[in-house]
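In the order they appear, the protein sequences are chains H and B. Counted the way this note's numbering counts, the first sequence spans residues 5 to 327. Counted the way this note's numbering counts, the second sequence spans residues 5 to 327.
Among the hints, erroneous ones may be present.
Which copy? The list can't say, so a pair holds if one copy fits it or any two copies do.
[To be verified] 16 Å max Cα-Cα, derived EDC-like pairs, lysine to aspartate or glutamate: (1) K7 with E306; (2) K132 with E287; (3) K236 with D191; (4) K132 with E291.
For the record, the hints were derived by calculation from the structure and aren't laboratory data.
There are 2 protein chains.
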Amino acid sequence: MPKILLNWVPTQSDFELIRNTLPDAEFEVPPWQNLEEAEILLYSPKTPDLDALIPNMKNLRFIQSLMAGVDHLPWSLIPDNVIVASGSGANSEAVADMALALALSALKFIPFYQNEMRMDLWKRRVSKDLDSLTAVILGTGSIGKAIARRLKAFGMRVVGVSRSGNQAEDFDNVASSADWSSEPYGDLIVIALPLNRDSYHMIDKDVLSRLGGTRVIVNIARAAIVEPQALKVWLQENPTSVYASDVWWNEKLSLQPVIVEQHISISYLPNVIMTPHTAGLTEYAQERMLTMACENILRFLEGLQPSGIVRKEDYSQTPWNEN
Amino acid sequence: MPKILLNWVPTQSDFELIRNTLPDAEFEVPPWQNLEEAEILLYSPKTPDLDALIPNMKNLRFIQSLMAGVDHLPWSLIPDNVIVASGSGANSEAVADMALALALSALKFIPFYQNEMRMDLWKRRVSKDLDSLTAVILGTGSIGKAIARRLKAFGMRVVGVSRSGNQAEDFDNVASSADWSSEPYGDLIVIALPLNRDSYHMIDKDVLSRLGGTRVIVNIARAAIVEPQALKVWLQENPTSVYASDVWWNEKLSLQPVIVEQHISISYLPNVIMTPHTAGLTEYAQERMLTMACENILRFLEGLQPSGIVRKEDYSQTPWNEN
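Assemble the whole structure, with the sequences as input and the hints as a guide.
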């Protein structure tokens, strides 16, 4: 009978859902009685401090994250033999919806018009025909694919960018990160990558200066994929470009430890559109995340390959941790 | 050799485009020398005062509007034998893009978040899963269809509403206006109808009071399809509903004569999203409108059926004209 440790106290309905999906398991919830017996950790970032927990879980074999992003796990403390699976896929549709909301808001100037109209200012701008644009999606995972499907409905040419550059469904073409970074292009660039060693500060001064022009950059992934000081300069030098983001370097929620950068007030630039890390916060996304995480644990317990297994080398000696 | 009268002075490049599409025609541009000879009026709403013009065009047979909406024509002055064609279809894709930008902004709270974040307020809301929503599109013409295609990419159930209720491509179902008005529903309602006798004040107190609840209404058609006093009450009574509109009763552009209603400050309600009638104002839409209008004139001249012929009875004794 495997024992599953939860690092948070679930609501009654959430706990019912967990037990219904994993009827044969035993559970250990805070305050934990016995850390040693648990073989599995079901991890919610709501209580991100795992530093004291993981070293005492002597029988830990598998960590299942509720969320797609696993950058906030204390990677240096996780033993080599422990498999880590991300919650990838659970809220892809919701996150893709937010990516489109940010992209269209920027391309059609919605929040800028809103504020002008409130001041009784009738100031019309010529916007782009969306079917004349090339969108570049950094990341061709389940979120990237969900974004691509939506953008195609607007008649855009959609290019994916991934480490391999392997072609993928729903994209007109896929380029490799190395190729795209050395010659960046795209009228609309959507960041849909996990934050890891390769993607950290991928959008830096070099990429941005070569990009130039009138562009919209949407970020629904992690702030630290963008180097904030370079972004600030680029936004100041390209006033017709827009950065529309759901994620921030100094987030005011405990989802993510406050990362590396000191606070930089990008938020006061006129060409920035901001939402408070809310893409995944939909009516059904939480339940779906929990269900999919439990189903993945079931897969692990049945000796099948869990989905979303994380390549640990992507998270070793990452610049946003002190290890 | 047919003579075509333009009611505005085109730019040089526009005039070249017109002459290239209609190489055999003669043109009469302001200041007009001879109103009597022109058989065709190519009409741009940029100079909307046709009242002095039309009665003097003794040989007028055909009016081609650049724009899809023809509600601003001086209908009472147009003789019965004159055919009127709308510019329907020319900027459908651009208008549908704006409809989606407004809908997603409202459903994902973008302009509200934007203003809160600027005030350093981190206030997260639970949003709807778009694939759980039913969208109702009032109008199943080329704009309605273009909106439907886009909404399907978000997994919504999409219902069209038209006078006939005849089924149409890209819609999961089509209801008749009469049926929908008596039992209105839809999480997202997009107004994509021409303003005419039937649609004037179609969204009135009765419809809104039966609708209730948490809804998003998007208007990219004409303001006067909505009765503003009833809308105001409904928005005040349903603070979680949002009205997101590109069109206004008191527009500050000469596109549309100021219509019936006195100014009502809906714009100061918190649950309103506003853009300044800018849906069709894209890089290529103007050129496309001109090309399609000229091609339709060519069709008329060749004795073929022009597209977009307007049913004149829809515009007789309309409540927004004094006739």
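Okay, the hints, checked on the actual structure:
1. Taking identical chains as interchangeable, the C-alpha atoms of K7 and E306 lie at most 16 Å apart only when both belong to the same chain, with a minimum of 14 Å there against 81 Å between chains.
2. Taking the closest pair of Cα atoms, K132 and E287 come within 16 Å of each other only across two copies (6 Å); inside a single copy the shortest separation is 33 Å, beyond that limit.
3. With identical chains, the CA atoms of K236 and D191 are never at most 16 Å apart, being 19 Å at best within one copy and 38 Å at best between copies.
4. Proximity of K132 to E291 under the C-alpha cut-off of 16 Å is restricted to the inter-copy arrangement: shortest distance 13 Å between copies versus 38 Å within a copy.
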